[in-house]
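Residue numbers (the numbering used here), protein chains in the order written: chain Y, 1 to 475; chain U, 1 to 475.
If you are wondering where the hints come from, they were derived from the structure by calculation, not from laboratory data. Heads up, a few of these hints could be off.
Identical chains share a label here; the pair holds if one copy fits it or two copies do between them.
When the alpha-carbon atoms are kept at most 20 angstroms apart in a straight line, the in silico DMTMM-like pairs for lysine to aspartate or glutamate are as follows [as the list claims (entries may be wrong)]:
(1) Lys-346 / Asp-443
(2) Lys-90 / Asp-109
(3) Lys-398 / Asp-60
(4) Lys-375 / Glu-224
(5) Lys-398 / Asp-54
(6) Lys-474 / Asp-293
(7) Lys-90 / Asp-255
(8) Lys-357 / Glu-422
(9) Lys-100 / Glu-71
(10) Lys-320 / Asp-60
For clarity, every value in this text was computed on a predicted model and none was experimentally measured.
2 protein chains.
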Amino acid sequence: MERQRLIVIGGVAAGMSAASSFKRLKPDAEAFVFEKDYFISYGACSLPYYISNDVKDFNDLISLTPKMATEERNIHVYTRHEVKAIDTQKKEVVVLDIEKNTETRYSYDKLVIATGGLPVRPNLPGIDLNNIFTIRTLMDGIEIKKYIDEWGLFEVCIGSPECLYVNRYGENRRQMKAVIVGGGYIGMEMCESFRKRGLDVTVIEKTDRVLGNMDTSITNVVEERLRSEGVKLLKNTSVEGFSGVKNSVKKVLTDRGEMEADLVLIAIGARPNTDLAKQAGIELGVNGAIKVDEFLRTNIPHVYAAGDCAEAIHIVTDKKVYIPLGTTANKQGRIAGENAAGNNNKFEGVAGTAITKIFDLEVSRTGLSPLEAEKEGIDFFVTTIKGRSRSNAYPAGKPIIVTYITEKGSGRLLGAQIVGEEGAAHRIDTLAACLSARMTIYDVARLDLGYAPPFATVWDPILIAANAAIKNVKK
Amino acid sequence: MERQRLIVIGGVAAGMSAASSFKRLKPDAEAFVFEKDYFISYGACSLPYYISNDVKDFNDLISLTPKMATEERNIHVYTRHEVKAIDTQKKEVVVLDIEKNTETRYSYDKLVIATGGLPVRPNLPGIDLNNIFTIRTLMDGIEIKKYIDEWGLFEVCIGSPECLYVNRYGENRRQMKAVIVGGGYIGMEMCESFRKRGLDVTVIEKTDRVLGNMDTSITNVVEERLRSEGVKLLKNTSVEGFSGVKNSVKKVLTDRGEMEADLVLIAIGARPNTDLAKQAGIELGVNGAIKVDEFLRTNIPHVYAAGDCAEAIHIVTDKKVYIPLGTTANKQGRIAGENAAGNNNKFEGVAGTAITKIFDLEVSRTGLSPLEAEKEGIDFFVTTIKGRSRSNAYPAGKPIIVTYITEKGSGRLLGAQIVGEEGAAHRIDTLAACLSARMTIYDVARLDLGYAPPFATVWDPILIAANAAIKNVKK
């Protein structure tokens with residue numbers, strides 16, 4: 001009898017999780033992973049900190065090399081191998097060895113598609129100029145950092161009315177001008193990253209606020225912080241194209257005029273990478289992501305999908321959503337691998353919980369935003385309170401703003417958002433647990449949360465917000 | 001028609017919360033608060049930080065003065081007034097004006113007993129010597145700080161093989177030797193406090209570990225930290241008495257020998273202050289605390305109890321417990337006041353959630369400890385994992401140890417304990433919410449928690465511990 005074989009397409013978060021959990025349950029079966037890039041299993045969420053030089057070596061972002069995967073987990077990893085087609089009838093994949101330019105067919109018993117997401121890159125005039133980046137893969141991060149390193153920014157201000165900027169060779173250079181298109185999480189994190197490298201930073205955001213559909217009680221604080229950190233923010237502004245000199249971008253053209261740019265970062269979101277799946281007749285769902293059931297099965301037998309290429313159930317609305325995040329990719333990958341190995345584990349869904357650091361601000365959210373609740377047609381109200389991260393008496397406490405989105409009548413908690421310099425990141429997890437348990441704000445108000453003066457007020461901001469929301473449930 | 005009158009006995013956390021919530025609902029009724037001490041509404045949990053000089057002025061610990069209570073909330077506060085008797089038939093209390101030494105009877109329509117807790121002070125030889133302190137009230141804190149201030153410790157090490165210690169008057173003094181009896185939360189917090197003031201600190205603990213019945217996976221880390229901070233820890237040691245010179249304590253006598261002491265702090269727990277209630281025929285429950293139902297009603301009509309004098313339901317076991325904590329006192333006080341005003345709000349219970357800072361360690365717990373689960377006769381197992389507070393790549397992350405207590409078979413989470421230099425305090429609240437929702441560790445493993453490299457690993461330690469525990473549920 002031949003050994004059973006799992007094939008995984010894509011070797012980053014979901015893919016390597018799937019291969020690993022499969023091998024844990026079926027050590028005697030084979031697991032092949034095909035990854036078209038050079039790297040597998042890296043922490044893409046850390047790229048802003050690699051570019052900022054907080055993390056010096058990109059190898060530190062890699063949790064598993066192909067060699068480690070083979071030696072420690074007995075997984076066969078093929079990098080620079082791109083799956084060009086899936087034959088779901090014969091249960092085979094057609095794989096291109098990019099370096100050798102040869103194609104080979106591999107048969108599978110079980111297949112996990114973990115092709116991830118692709119950065120949205122708008123089809124605008126000049127989009128193909130050099131130095132217009134997106135940031136999704138480790139290679140993206142390496143290229144951006146290399147470009148900044150070579151610009152070589154050293155500020156020299158001695159005895160000069162205006163500072164000089166010199167590169168590593170002592171050549172006089174202007175301060176690099178970076179334009180970030182898109183004010184979402186990645187755009188915001190890259191503001192801090194670029195400012196740490198001394199760049200002049202402008203953010204262009206199409207809507208009326210940064211951070212997508214978060215409540216203005218939160219985004220106002222973030223926007224104020226951007227300004228105080230010297231970031232220029234242009235809201236309600238659309239990019240219309242780019243112009244360059246000698247193939248390198250020099251200007252960003254918008255509906256409100258043009259601005260100089262030595263580096264452009266397009267950070268307007270991700271879309272599922274599902275052309276391959278679609279060609280193979282695998283059904284797509286919300287936002288073009290691969291349609292999966294709670295066991296992460298696609299419509300084709302023996303084929304699973306996981307991570308940024310797949311959809312997920314939202315635990316608040318029970319509807320399918322596309323919210324690509326590393327945490328979900330890891331969880332889904334693990335479950336897809338377990339189920340490919342014969343288990344029947346459910347992926348229960350996502351709450352859209354996310355935390356981010358924007359300069360010295362912690363920003364977090366879980367569940368529905370007001371705009372999302374509105375889109376769902378839910379009758380809701382928004383409650384915002386300002387608390388403190390530590391007891392009033394204890395030194396160095398910081399303000400913390402908590403916003404709840406609550407259903408009218410029932411008082412069900414639909415979502416929460418928090419911002420502050422301290423304690424805003426981890427508090428959201430408590431509210432994510434409340435969403436999982438479908439708690440009302442009455443339930444939230446009753447939580448027995450911890451208290452000590454260095455960490456909280458005796459009424460934690462989570463409870464203060466719940467008590468404030470309770471007053472409005474029946475109004 | 002006469003105005004309705006609420007009388008509250010005790011003006012700290014529960015008492016002032018009760019009076020305030022009552023007045024919010026019934027602004028036209030009267031609220032009288034009798035407090036035998038000088039101060040009301042202070043944060044006793046901050047006393048260690050007042051003594052350490054992190055908080056300079058004791059007024060910063062006071063959230064409400066009698067004047068503010070009257071002017072802002074229209075509550076009549078009588079400090080230095082001790083309620084000597086409750087006549088539940090006539091609905092009156094007998095109040096001693098301590099300063100004037102006069103007694104007056106006041107009638108009530110509703111009564112809230114919020115007499116708090118008393119520090120346990122063992123009846124040992126020499127216990128009445130000077131400089132043997134307990135720490136519970138603001139006055140306790142003021143006295144301890146005054147004693148240390150007057151000792152006046154300034155270390156002078158210049159040109160001397162041994163350092164000299166001089167007081168504020170330049171008199172040569174030894175380094176003050178403090179002995180803390182009891183290794184619970186308060187004892188541990190006072191270690192940091194005393195060390196910050198330059199005291200030589202010894203802790204005497206009767207059992208085999210600090211922090212009561214916490215798991216040794218946690219207490220071992222704390223004990224190691226005590227040692228590295230220069231605190232001497234004597235475990236399995238019982239105090240048998242004290243000896244002194246000129247009425248001041250000089251030695252602590254134990255079953256393992258005697259040790260010098262200029263200051264002794266007795267920190268072996270609290271008991272409910274319920275003599276008054278008992279004399280009035282109010283039924284007592286667990287640990288001698290006032291027996292209350294879920295509406296915080298005692299067995300006597302119109303009489304409520306709240307805070308450190310009252311019992312509470314434990315949300316894990318559904319049994320009555322006595323766990324006196326400031327958070328519970330505030331919640332119970334508020335509900336007792338609301339119900340005295342005519343509402344029917346339930347106090348749902350406690351999980352025993354507590355967080356504390358011990359030097360640079362954050363220590364937290366919620367739910368049952370292994371010893372408590374054993375006492376309940378539950379078939380459980382303990383899981384401990386070591387995670388990190390930040391992504392591996394991100395700088396300055398710290399180890400974090402998570403211990404779960406899980407029921408065998410069902411996988412129900414019974415309790416959790418966490419220790420680490422970062423991220424251990426707030427993570428416990430997520431697990432407290434899980435306990436409220438009676439989650440299994442399968443549920444915990446599915447939580448959609450936030451992730452960003454500065455705040456967590458992509459598999460949060462909470463999830464890693466749940467996944468580790470899952471493996472043992474069916475064993």
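Consistency of the hints with the structure:
1. Lys-346 / Asp-443: between (26 angstroms within a copy, 11 angstroms between copies)
2. Lys-90 / Asp-109: For Lys-90 and Asp-109, only the intra-copy Cα distance (10 angstroms) is at most 20 angstroms; the inter-copy one is 83 angstroms.
3. Lys-398 / Asp-60: between (32 angstroms within a copy, 16 angstroms between copies)
4. Lys-375 / Glu-224: neither (28 angstroms within a copy, 54 angstroms between copies)
5. Lys-398 / Asp-54: between (24 angstroms within a copy, 16 angstroms between copies)
6. Lys-474 / Asp-293: neither (37 angstroms within a copy, 27 angstroms between copies)
7. Lys-90 / Asp-255: Intra 52 angstroms, inter 80 angstroms, cutoff 20 angstroms: neither.
8. Lys-357 / Glu-422: both (10 angstroms within a copy, 16 angstroms between copies)
9. Lys-100 / Glu-71: Classified as neither; 24 angstroms inside a copy, 84 angstroms across copies.
10. Lys-320 / Asp-60: So Lys-320 and Asp-60 fail the 20 angstroms test inside a copy (35 angstroms) and across (51 angstroms) alike.
Figure legend: structure checked against the earlier numbered hints; hints not met, in rising order: 4, 6, 7, 9 and 10.
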